[in-house]
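Protein chains in written order, with my numbering: chain A, 1 to 343; chain B, 1 to 343.
By construction, these hints were calculated from the structure, which means they are not laboratory data. Among the hints, erroneous ones may be present.
No copy labels: a pair is met if it fits in one copy or bridges any two.
In the SDA-like style, the derived pairs of lysine to any residue whose C-alpha atoms are separated by at most 20 Å in a straight line are [stated by the list, open to error]:
1) Lys-123 - Glu-97
2) Lys-196 - Ala-76
3) Lys-220 - Asn-176
4) Lys-82 - Leu-54
5) Lys-4 - Ile-267
6) Lys-220 - Leu-279
Fair warning: this is a prediction, and the values are worked out from it, not measured in the lab.
2 protein chains.
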Amino acid sequence: MKQKIIAIDAMGGDHGPVVTVPAAKIALDQIPDIQLILVGDSALLIQVLAMNGLEGNTRISVQHASEVVGMDEAPAHALKKKKDSSMRVAINLVKEEKVQACVSAGNTGALMATSKFVLKTIKGISRPAICGMLPAITGQTYMLDLGANIECTPQNLLEFAVMGSVLAQSVEGIDNPSVGLLNIGSEEMKGSDSIKEASQLIAATNINYRGFVEGDDIYKGTVNVVVADGFVGNVSLKTGEGLASLVKHVLQTEFKRNLFTKLLALISLPVLNAVKKTLDPGQYNGASLLGLNGIVVKSHGGADTNSFVNAIKIASIEIENDVPQRISHEVESYLAKMVEVGL
Amino acid sequence: MKQKIIAIDAMGGDHGPVVTVPAAKIALDQIPDIQLILVGDSALLIQVLAMNGLEGNTRISVQHASEVVGMDEAPAHALKKKKDSSMRVAINLVKEEKVQACVSAGNTGALMATSKFVLKTIKGISRPAICGMLPAITGQTYMLDLGANIECTPQNLLEFAVMGSVLAQSVEGIDNPSVGLLNIGSEEMKGSDSIKEASQLIAATNINYRGFVEGDDIYKGTVNVVVADGFVGNVSLKTGEGLASLVKHVLQTEFKRNLFTKLLALISLPVLNAVKKTLDPGQYNGASLLGLNGIVVKSHGGADTNSFVNAIKIASIEIENDVPQRISHEVESYLAKMVEVGL
C-alpha cells in the first residue's frame with residue numbers, strides 16, 4: 001500500500017492551529033490511510049493536539065519550526081530570511097521524501113516561491129501554476145493559472161493545459177478531460193497573437209482540446225479545464241467571488257424586508273442552503289501547485305476547519321494518483337511529439 | 001433647449017426591428033424631449049412602424065439603408081464592403097450632425113471599427129473603449145474597457161480612467177467618481193510593470209484615484225469606475241454572466257425539487273424577482289463607446305425591448321451631458337498637467 005504522509009503547515013493562514021489542528025483531526029477520521037505531521041511551534045502544537053484529544057494518536061506527530069511567514073510578507077523576504085518557517089519546513093519534508101505532500105493556508109506568493117526553490121520544477125515544465133476548482137452547472141471546472149504567473153508565453157499555456165488535464169483526470173477520474181483556452185471570443189480571429197499560438201500548440205497534442213472558451217464558460221462548465229494566464233485567471237476567480245457576495249447580499253436584504261419575507265426565509269432554508277453551498281468557496285478549497293517535483297496544496301488563507309479538511313483530501317488524492325509523476329510522463333510524451341512534428 | 005435626435009440602427013442585433021421599433025415607441029413615451037430616426041430597410045420599417053401605431057408620429061422618421069452587418073461578420077469586411085449598412089448610415093448621421101447620438105445592437109467589432117473610422121477619436125485619446133455598467137452591492141460599477149482593446153499601454157489605461165470618470169459623473173451625477181485599476185493584488189508589489197506605470201500616471205491626474213482593486217471589487221462596488229484592458233475586462237464581464245447563470249440554475253433546480261419547494265417558489269416570487277432583477281444584464285444594457293467624436297451606444301445583441309429602451313436612455317443622458325465634449329476637455333487639462341510635471 002502506498003505511504004500517505006502529509007505535512008501540514010500548522011501555523012499558516014489567518015487562523016493557524018485553531019483551524020489546522022481540528023481539521024487534521026477530522027481528516028484522520030475521514031481518510032483512514034493518511035498520516036499527518038503538524039509543522040510549527042511544537043510547544044503550542046502539543047497543547048492544541050491535547051485540547052483536541054489527539055495526544056498519543058500515532059497517526060499524527062509534530063515537527064518543530066520556529067518561524068511563521070506573514071500573510072502579507074514579500075515572497076522574496078520569506079524565502080531568504082525565514083528558513084525555519086513552518087511553511088519552509090513543511091516543503092523541506094516533501095523534498096526529503098519524509099512526506100508525500102504538504103498543505104498550507106499561508107501566503108500564496110511565498111508558498112509558490114519557496115516550493116519552486118526547494119522542490120524545483122518538473123523537467124519540461126518552465127513555470128509551475130496554481131490550479132483550483134470552481135463550481136459549475138455541470139459539476140466543477142478546473143482552472144489554471146490562478147495567479148502565479150502574470151505574463152505567460154504560449155509554451156507556458158501549453159504546459160498549463162497538460163497539467164490541468166492530468167489533475168482533472170486524477171481528482172475526478174474523468175477519462176479524457178476537455179480543455180479550453182480562455183479568450184474573449186470563440187471566433188478564430190479574436191485574441192492576441194500569443195493566445196492564438198498557444199491554441200495551435202495545444203491543438204497539436206493528444207489533449208482533448210476544445211478551442212477557445214469565454215468567461216461565462218467557466219461557471220457554465222462547458223469544459224473540464226480552463227487555461228488562462230495568472231492575471232486573467234486570478235481576476236476571473238475574484239470576479240466570481242464578488243458576484244457571489246452580491247447575490248448573498250441581495251438575498252439577505254430581500255428576505256429581511258418584512259415579517260412575511262423573514263418567515264419565507266425560514267421556510268426556504270433548504271433552498272437557500274443549496275445556493276449557499278454551491279457558491280461556498282470552502283467546498284472547493286484546495287488549489288494545487290502543479291509542475292513541481294512534489295505535491296503542494298494551497299488552502300485559502302481564511303479557510304475554516306471543514307474547508308481545510310478539503311485541502312487535505314486534495315493532497316491525499318494527488319498522492320494516490322502520483323500527480324507529479326503523471327505530469328512528468330505527459331510532458332515528456334508531448335515534448336517527444338513536438339520534436340516529431342518539428343515544432 | 002438642446003436638440004436630442006438619436007439614430008437607431010433598426011436592423012442590428014439578434015432581433016432587428018421586432019425589438020428596436022417597439023423599444024423606440026416606449027422610449028418616445030418615456031423620454032419626452034427626444035426624436036428618433038430608424039435606420040434600415042425603409043419599406044420594412046414603415047410597415048413595422050404602422051404595426052406599432054407610430055405612423056404619422058412626427059417625433060420618429062425612417063432613413064433608408066440597404067444593407068445589414070452580420071452578427072459574425074469580420075469588422076474589416078463590414079467596414080470595407082457594407083457602406084450602406086444600417087449601422088454605417090446611423091454612424092454617418094452622427095458625423096453629419098443630423099443626429100446627436102446613435103444606438104446599435106449590432107456586431108460589436110464592426111460598430112467599434114466603423115465608429116472609429118467615421119467619427120475619429122477625440123484629440124488626446126489614442127484608443128476608444130467600451131464602458132458598461134455592472135450591478136454592485138453599492139449600486140453599480142462602470143467598467144472599461146469591455147473588449148475593444150486586447151492589449152493596452154499605460155497611456156491607454158490612463159485615458160480609460162479619464163473617460164470612465166466623465167461617464168460616471170454624467171450618467172450618475174456623482175461629483176468626483178472613485179476610480180480603481182484592476183490588478184491581482186492590492187499590494188504595490190503585484191501586477192505587471194505596465195499596470196504599475198499606469199497606476200503612477202493615473203495618480204498624477206486630478207482623478208479621484210483609489211489605486212489597485214481586485215476582481216471581487218467590481219460587484220462589491222468598492223469604486224465607481226474600474227479600469228482594465230479589454231481582454232481582462234471582457235473576461236471578467238463574461239465570468240460574472242456565467243456565475244449569474246449558475247445561480248439561476250441552482251435556484252431553479254432547488255425550487256423544482258418537490259411540491260413543497262414549488263409552492264415555496266410561488267410565494268417567494270417577490271424575493272426571487274429581486275435577485276433576478278439584480279442579475280439581469282438588461283437592466284444595465286447600453287455600453288458606451290467612449291473616446292469618439294460623437295455618441296455611440298452599444299446594446300447587447302440579444303437585448304429585449306425593455307433592455308433596448310435602456311440603451312436609448314443612456315444615449316439621451318450622454319447627449320444631455322455633452323459626454324464627448326467633457327472627455328475632450330478633461331483630456332486636454334490632464335495633458336497640460338502632464339507637460340507641467342514633465343511626464
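Now for the hints, and whether the structure bears them out:
With identical chains, the CA atoms of Lys-123 and Glu-97 are at most 20 Å apart within one copy only, with a shortest distance of 18 Å there and 63 Å across copies. Proximity of Lys-196 and Ala-76 under a CA criterion of 20 Å is satisfied inter-copy only: 19 Å between copies versus 33 Å inside one chain copy. Taking CA atoms no more than 20 Å apart as the test, Lys-220 paired with Asn-176 passes inside one copy only; the shortest distance there is 19 Å, against 37 Å between copies. Proximity of Lys-82 to Leu-54 under the C-alpha cut-off of 20 Å is found in neither arrangement, the shortest distances being 29 Å within a copy and 76 Å between copies.
Proximity of Lys-4 and Ile-267 under a CA criterion of 20 Å is satisfied in neither setting, with 44 Å inside one chain copy and 51 Å between copies. Proximity of Lys-220 and Leu-279 under a CA criterion of 20 Å is satisfied in both settings, with 13 Å inside one chain copy and 16 Å between copies.
Violated hints, in rising order: 4 and 5; the structure is consistent with all others.
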